[in-house]
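Taken in sequence, the protein lines are chains W and A. Counting in the working numbering, the final residue of the first sequence is number 442, and the numbers go up one at a time with none missing. Counting in the working numbering, the final residue of the second sequence is number 622, and the numbers go up one at a time with none missing.
These are calculated hints, taken from the structure and not from any lab test. Keep in mind that the hints are not guaranteed to be accurate.
[Said to hold, decoys possible] Example chain W residues on the side facing chain A (calculated, C-beta under 7 Å, incomplete): (1) Leu172; (2) Gly186; (3) Ser187; (4) Arg189; (5) Tyr219; (6) Pro353; (7) Ile362; (8) Glu363.
All C-beta atoms, glycine included, are put in the ideal place defined by N, C-alpha and C.
Each chain, written out:
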Amino acid sequence: MDINKLVYDRPDLGKFKVHRSSLVSQDIHDLELRRIFDRCWLYLGHESEIPNAGDYARRVVAERPLFFARDRGGELRVFHNTCPHRGALICRTDRGNARVFQCFYHAWSFNTSGELVGMPDIDGYGPDFDRAEIALRSPRYDSYRGFIFVCFDDETVPLPEYLAGAAEYLDLICDQSVDGMQVIPGSNRYSIKANWKLLGENSMDGYHAIPTHRTYFDYMSGQGAEMLGNRKGFGRALGNGHGVMENDAIYGRPIAMWHPCFGEEARPEIQRIKDDLIDRFGRTKALRMSEKSRNLLIFPNLIINDVMAVTIRVYQPAGPASMDVTAWEMAPAGESGNLLRRRLDSFLAFLGPGGFATPDDIEALESCQQGFRSGGVEWSDLSRGLTRSPRGNDELQMRSFWRRWQSLVADLPYVEQYEHGLTPGEIPEVAPSPEEASYAGD
Amino acid sequence: MASELTPPFPLPPVGQPATVESMLLQHEVEQLLYQEARILDDWNLDAWLTLYTTDARYVVPTTDLPDANPDTDLVFIDDDYQRMTGRVGRLKSRHAHREYPWSRTRRLISNVMVTEVDGDEIGATASVAVWRFRAGESAPYVGRYDVRMRRVDGQLKLCYKRAMLDQEALSDHGALSIIF
Ligand code: FES
Ligand SMILES: [Fe+2]
Numbered sequence: 001m002d003i004n005k006l007v008y009d010r011p012d013l014g015k016f017k018v019h020r021s022s023l024v025s026q027d028i029h030d031l032e033l034r035r036i037f038d039r040c041w042l043y044l045g046h047e048s049e050i051p052n053a054g055d056y057a058r059r060v061v062a063e064r065p066l067f068f069a070r071d072r073g074g075e076l077r078v079f080h081n082t083c084p085h086r087g088a089l090i091c092r093t094d095r096g097n098a099r100v101f102q103c104f105y106h107a108w109s110f111n112t113s114g115e116l117v118g119m120p121d122i123d124g125y126g127p128d129f130d131r132a133e134i135a136l137r138s139p140r141y142d143s144y145r146g147f148i149f150v151c152f153d154d155e156t157v158p159l160p161e162y163l164a165g166a167a168e169y170l171d172l173i174c175d176q177s178v179d180g181m182q183v184i185p186g187s188n189r190y191s192i193k194a195n196w197k198l199l200g201e202n203s204m205d206g207y208h209a210i211p212t213h214r215t216y217f218d219y220m221s222g223q224g225a226e227m228l229g230n231r232k233g234f235g236r237a238l239g240n241g242h243g244v245m246e247n248d249a250i251y252g253r254p255i256a257m258w259h260p261c262f263g264e265e266a267r268p269e270i271q272r273i274k275d276d277l278i279d280r281f282g283r284t285k286a287l288r289m290s291e292k293s294r295n296l297l298i299f300p301n302l303i304i305n306d307v308m309a310v311t312i313r314v315y316q317p318a319g320p321a322s323m324d325v326t327a328w329e330m331a332p333a334g335e336s337g338n339l340l341r342r343r344l345d346s347f348l349a350f351l352g353p354g355g356f357a358t359p360d361d362i363e364a365l366e367s368c369q370q371g372f373r374s375g376g377v378e379w380s381d382l383s384r385g386l387t388r389s390p391r392g393n394d395e396l397q398m399r400s401f402w403r404r405w406q407s408l409v410a411d412l413p414y415v416e417q418y419e420h421g422l423t424p425g426e427i428p429e430v431a432p433s434p435e436e437a438s439y440a441g442d
Numbered sequence: 443m444a445s446e447l448t449p450p451f452p453l454p455p456v457g458q459p460a461t462v463e464s465m466l467l468q469h470e471v472e473q474l475l476y477q478e479a480r481i482l483d484d485w486n487l488d489a490w491l492t493l494y495t496t497d498a499r500y501v502v503p504t505t506d507l508p509d510a511n512p513d514t515d516l517v518f519i520d521d522d523y524q525r526m527t528g529r530v531g532r533l534k535s536r537h538a539h540r541e542y543p544w545s546r547t548r549r550l551i552s553n554v555m556v557t558e559v560d561g562d563e564i565g566a567t568a569s570v571a572v573w574r575f576r577a578g579e580s581a582p583y584v585g586r587y588d589v590r591m592r593r594v595d596g597q598l599k600l601c602y603k604r605a606m607l608d609q610e611a612l613s614d615h616g617a618l619s620i621i622f
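When you get a sec, could you build the whole thing from the sequences and use the hints?
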């Protein structure tokens, strides 16, 4: 299969297809690591995970062990997790607080800024040994409103430019609280035996919600909530392969849309939050923030869904047919009591490995991956909505991912394509359609 | 919801002499946990609900934070009785795709210890391995139960169960699609 022709993109014919070798081939997977994961900005973690000097946390990003820390001066630091001496992992626990990072192998130690501050028997290295030359190494890193990204390529554009239209969608989350948003302790760590790209598609796929997540809707309807109806929504390309699906919410939102599952007593509190947003941002933006759900993909492997709760989901490829997922929940800094309890409950009803919906997404993705092995079908279809203005349950946001993916993996020049002339910043006017059973969580 | 309980339950003092009462209680607690295991292995889900008091709480923390407080931290499962009933309804539906058809499971319960008797409530802890087989996959969920029980009309029932996984991540099963 020609690497340049894995995406069949013919809006003039109303056809958009992806060749299935891109979801099963080891060669393409290896190319992806070099041409996508070694070039793009990749999500590492959130600054709220390391609030105090000396706090650190470790991650594996595209097979590379890394860790991030807050140094004595309060600065964010990101390090390759390898000793400059002979390679051992420096950070060997998931999180903690340290004054120095000491390599256990030969006991070289580094301060929280990465400088070498101690080693046994320094005399063994001769008179010219310059300890200032030896420090923990850092990849490029930057943080956008608390979201930390790394990049292993010096040529790649700076993070704000890379984020393009996705930055506005991060703002819509960060602005929900004057005190900022933070990651709640506890993370979902699971693996899916499916190609990593399938989770990106699934996480902003409105079309599957009703058939796949019927048990969730049945359960919520049993709570006295009418879940379906005439809802407005749209998909958008946000530049650089990022995309979003934005819809009228059909479930409660802690910020800020009341729903019967929250209980009558929650009504005034949620109204207060909404009123506060209206004061701060005006009615249009405040209602968008509080009553619409957003499923955002930041290319290549980060999903931030602002749905019945706010979840960060990052997935690392582990071969062509497997991925490792980590997901977190976000809340306004300092949120507590009933507000926080409602938010947690809202998350758990749908999301996570024990929720009433996420297990069925995992089943769907693994089922696709198994289906690919059958052969007989060469292409997967992603043409839904190509010939009409992009609704929330169409596939425009997936096509924007795949167009960027094709250009990077084949090393082709990239030209942004905005279907229907929609560019980031514009909100399309979408009329509600009766047949459009709009979207739920992911 | 049952009151918030922070793990781990304190262990009983070492080397306590057994009494007939303590042996009877130990037996009763073991039988209840074995019943639950068999009922779940048989997918007799409605019967599972009858083992619990209606103010029960069923919690499964995430793998990275076994000591989580479900009121403030993210967990996998934090069910009250109403949500437990919803979970049963979902698992009985043929639309719970991860468990349709149902997986085969076998729950092995051991190391059962009564940890305390506090007025009406009895605390216990146990080790558990749940083997799950489905679609060519076979792997265990391994962990510990901390439970509390109470008598309702003479019958011992569970009013709290906290099931903590020893796995570092859900790498084999992907989800927690069964009742653990
Ligand atoms: S490898 Fe770290 S001190 Fe030698
Ligand atoms: Fe889904």
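Status of each hint after checking the structure:
1. Leu172: 22 Å, violated
2. Gly186: 3 Å, holds
3. Ser187: 5 Å, holds
4. Arg189: For arginine 189(W), the interface hint holds, since the closest Cβ of chain A sits about 4 Å away, which is under 7 Å.
5. Tyr219: 5 Å, holds
6. Pro353: 4 Å, holds
7. Ile362: Since the shortest Cβ distance to chain A is 5 Å, the answer is holds.
8. Glu363: 4 Å, holds
Checked against the numbered hints given earlier, this structure breaks only hint 1.
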